[in-house]
Each structure stands twice: as C-alpha cells, then as structure tokens.
Amino acid sequence: MARFFAKHLLFLLFTLLVVSFLVFTLNEFSPGAVARKILGAYATQEQVDVLTKQMGLDRPVLVRYVEYLGGLASGDLGYSARFKLPVREVIFKHLANTVLLAAIAFACIVPLSTLLGVVAGMRESSRVDRVILMFSTVVASIPEFALGVFLASVFVVWLGWLPGTATLVAGGGWSVAAQLVLPVTVVVLFDSGYVVSMIRASMVEVMQRPYIRTAVLKGLPFRAVILRHALRNAMLTPITVIMLQINYLVAGVVVVETVFAYPGFGRMILEAALFKDIALIEAGALVAVFLAVLTNILGDIAYVLLDPRIRA
Amino acid sequence: MSTPATAEALPASPPAASRLRPHAWWRRLAALGESTPASVGVVIVLAWVALALLAPLIAPYPPNANDMAALAHTTPSRAHWLGTDQLGRDLFSRILWGARPVLIIAPLAVLGAAALGSLLGLVGGYYGRWTDLVITRACDIVLSFPVIILYMIILAHVGSSAWNIVGVLTLTKAPIIARIVRGMTLDLREREYVAAAKMRGESALYIMLVEILPNARGPLVVDMCLRTGYNVIIIGSLGFLGIGLPPPDPDWGGMVKDTYGMMMVWPHMALFPCAAISSLVVGFNLLAVGLRELGLRD
Chain A
1 MARFFAKHLL FLLFTLLVVS FLVFTLNEFS PGAVARKILG AYATQEQVDV
51 LTKQMGLDRP VLVRYVEYLG GLASGDLGYS ARFKLPVREV IFKHLANTVL
101 LAAIAFACIV PLSTLLGVVA GMRESSRVDR VILMFSTVVA SIPEFALGVF
151 LASVFVVWLG WLPGTATLVA GGGWSVAAQL VLPVTVVVLF DSGYVVSMIR
201 ASMVEVMQRP YIRTAVLKGL PFRAVILRHA LRNAMLTPIT VIMLQINYLV
251 AGVVVVETVF AYPGFGRMIL EAALFKDIAL IEAGALVAVF LAVLTNILGD
301 IAYVLLDPRI RA
Chain B
1001 MSTPATAEAL PASPPAASRL RPHAWWRRLA ALGESTPASV GVVIVLAWVA
1051 LALLAPLIAP YPPNANDMAA LAHTTPSRAH WLGTDQLGRD LFSRILWGAR
1101 PVLIIAPLAV LGAAALGSLL GLVGGYYGRW TDLVITRACD IVLSFPVIIL
1151 YMIILAHVGS SAWNIVGVLT LTKAPIIARI VRGMTLDLRE REYVAAAKMR
1201 GESALYIMLV EILPNARGPL VVDMCLRTGY NVIIIGSLGF LGIGLPPPDP
1251 DWGGMVKDTY GMMMVWPHMA LFPCAAISSL VVGFNLLAVG LRELGLRD
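Protein chains in written order, with my numbering: chain A, 1 to 312; chain B, 1001 to 1298.
Because the hints were derived from the structure by calculation, they are not lab data.
Keep in mind that a hint or two might mislead.
Residues on chain B that point at chain A, a partial pick, calculated with CB under 10 Å [said to hold, decoys possible]:
#, residue
1, 1119
2, 1242
3, 1260
4, 1270
5, 1283
6, 1284
Built from N, CA and C at the ideal position, the CB exists for glycine as well.
Take these sequences, add in the hints, and give me the full structure.
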C-alpha cells in the first residue's frame, strides 16, 4: 500500500511539473502581450516596453520558470492582471463556488445513475433496459449549452418558475437555492447519461457470470441476487469512471457556468485565457490538473477497497 | 532468416483473406438495418450530410445576408421559415450552412486522432518496455487534463481557426484511441499470424499496420463514432464560449452564444441551432449504440 501511494504521488508531482512547464512555455508565444493587456490599446509601445522590463518578462523563459516554481513552493501564485487581486484569492473564491455546484450535482448523479444503470443492466434487452439506454444516450448527446437553452426556455421563458441566471447573489426576487436548480439539473442530466451507460454495461457483464447463475439456481430471491451478489461487483469498473466525474464537475462545467452566468472556476479560466491573464491561467491549470490526478488516485483507491483480490 | 520463396509458400494470413471480400462493408451497412438505434442514427446523420451538401441549393437566402425589414418580426414566417436572428439573417439558411463546418471538422479530427492514436498504441503495444512506458505516461498526462480548459488555453493563445480546432481535437483525442489500440496490440502480437509474419521477415511497420491494426478495428469503429459525436459537442461548445470558428460564417454554437441572452424575447433564435446540434449528436451516438449491439451479436 505504501508503494502504491508513493508511486501515485510521484506521478502526481511529475504531471504537475510537466503541465506547469507546458503552460508556462505556451504563454511565451505572445511576449509583450501581458503588458499590452494591462496598459490597454492606447498605451504607446514605449510604455509597454517599460512595463515588460519592470515585470521581468524580457528575461529567458527558463530563468522565469524556475523563479515561478520557487514562488509556487512558497505559496505565491502571482498577481492576476484581470481581477487586480492576488491569484490565490481569485482562484479560491471561484473554486469554492464551483465546488458547491459540483457537490450538489455529484450527490444527485451517483444515486440516480446507479439506480438507472443497475435497473437497466439487470435484465438486458428488456423494455425497461431499452428505455433507460435510449434516455441516457439522448441526454448525453445534447450539448450542455443546448440542454441549458431547452430547460431555460421551458422553466424560465414559458413557465417563469425559475431564474435564468445563477449569479449567487440573491436578487430580483430569486433565492440562491432557486438559482442553483437549473445549472445543477443541466450538469446532472448531461453527466449521468454517460455514467448510466457505463454502470449498465458493467451490470450486464456481471449478470452473465457463473456466480450469479449459481445464486439464481440455488433459489435466492432476485432482489437478494442483485443487492448482495451483483451490485458490488458491478460497481467495480464504473467506480473509476464515477471518480473521474469529479474532475469534469470541477473543471469541465465551464459551459454550464457560462450559460447561467455562474461565477465559477471554469468561467474564470475562460476569462483569464481570453484576457491573457498569464498568472491566473497557470495557477488555474495547475489546480485543474492537481484535482484531475487526485481524483484519479482516489478512483484507484476506491477500486482497491471494493476489490479484495487486489488488496493483498 | 527467411527467403522470399518461403514467404510466398506460406498461406495467406487472416487479415489478407478478409481484404479479398470486396463487398464486405456494403453487407455490413445493410446489417445496420437490423438494429433500430443504428438505422435511426444512420438516417439522422445522412440527412444532415445531405442538407449540408445541398445547402447552396436548398437555403433560401445567403447565410450572411441581412434582411432589415424582417427585423420587425423575427419570428418564423412564410418568408423566413425558422425566423431570423438578431441581425435579420435567415435562421434556416444559417443552420443549413452551419452544418458544413461541423461535418467536416468533427470527422476530420476523429480521423486524425485515430491515425495518431493507432500509431502510438501500436508502437507502444508492439515494442513494449520503455517505449510503451513513455507513450503511456504521455497519454496519461494529456488525459488527466480537463480538455475544455486545455482548449481554452491553447485557442486563446494561438487564435481560433478550423485547422487549430482540428489540431487540438486530434491531440486530445489521440491518447484515448492509443489506449484502446495498445490494449488490443498487447493481445494480438502473441497470435500465430504475427509470428508467421515475423518468420517471413516482414518489417515491424508492416506487421503493425497490416497484421495487427485490421484486427483491432471492431472496437475502434464504435469508438470513432462516439468520438465524432463528442467532437460535434465540443465544436459547438467552443463556439458557444466564443473561442470557436470565427464569425460571421454560421456556426451552431456561435449562433446560440449570440442569441441566448435574448431568450426572454426571442427564444427561437437560440432554440433552433440547439435543436440542430443536438439532433446531429443524437444521430452519431445512436449509431454507436447500434454498432456496439451488432458487434456483440456476432
């Protein structure tokens, strides 16, 4: 187990290093752009040059990369040119908002897709299975922005039951809870479509195993076969997929955040990328990758915990 | 080790035999009819392909022409079947023309990813050891990155064009294909016909491309179908985020971006492009579901 952790930790550090270097050098494709962005279109070239020098942007990439790593190690993530705040404050404020959205969505996705996936997979090709398979395929096929537009046109434009934006500032007569309904629904529908199909496929496979046939033949009620014998084994493969959803939920929901003007992490990175706010892009990319690799590791650990054969 | 004479004397290997059946893929296309999802999927996708091809003939207006008079009533009418957008451009024509870039970029990026991914997977799986380790680790790193963030960072830097989108889609999807192909190569390289090809003195490249790759195509085809659907979603999402294909030419995601703010007044402007892109992706994904069913059956 110790070796297992050490190996994963090493890979995490290695990945972070590679990604930080890639993003750092990628940002070097546009020298001077940062100073230009800060000063605006009407600044003279001289002013831009001076600021470039002041910020040390004219020195070699490697030197600045090593400096940057040093700053990271001491907890200094740099200063955001877009938000005029230390990067740390900007990132954690937006990350907290996204984690709120992700946590609610995750709490809905897991039970919902487990239920649908198991019910569909326990009797392959039955009518229930066909309906659930079609539902999950169609739902996973609709892009998040289209899903948002469809739901908003019904519940916001037509019925007027919910607000069309989720700025997390209670106002316009809508509570924060009401604002969260539509973004969460879009994320849950889009994501569970995929997770349901994974759990269903795994369940179908498990139901064909000899031990299930044995359990059925020795006269166990179907319910007990499913709950005691099939469920645990059917969750083995999808558990890694489910953990990977955390990754998507935290870093990949930029489209949903944009649809509903939600002040989240993904939209912050989009803004940083469009504004070429280099410090924020770099820190954001690192946080995203850190979360991604971490959820990967958590998935592996969950797999080991569920499967006693590997635990050894 | 072996002479050309012995190579000719050896019986044809299984993949060579399968290449001799000329109409195999036509029969396979006909077999799609046995699966309801697959046939519905094929019909939807082919319908969009036809609409895209015939756009110059069917579209009642040029895609970027403004009809200022129509701005008074932008909702669907006899002159504009699906209404117009906020600049008085005919939505029906724009949706037809908007099918073109998507139907070119999405499959092109999938082909690119399949080519690059297969190559990486074959090389990694065939040679094993450190080659495999380097390729697998590199793929893991790309896969660990939330792709949409990667797109935002890259496209915001290099600028957004059709080719750049094909490029980032290819690079980010190749590792997934590589992983599938590598897994199959590990298994296939131990087969007799690969040993036979080695005996004949075939080059490693020949063995990978002619002996191994054709036998790994089953899962690849299903996956490529799914990838095409996902690529359509991503192209639409990039357009929606404002880092997709540059305006003014119609792009479904961009059309939604420009108009969803006006949904309280004119919901149709955002709804129709959303319906278009959703139906296309549903088509590809139904096709994938059907193909998987058919693959499991035989």
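Review point. Hint by hint, which ones does the structure fall short of?
Key: The structure conflicts with hint 1 only, although it agrees with all the remaining ones.
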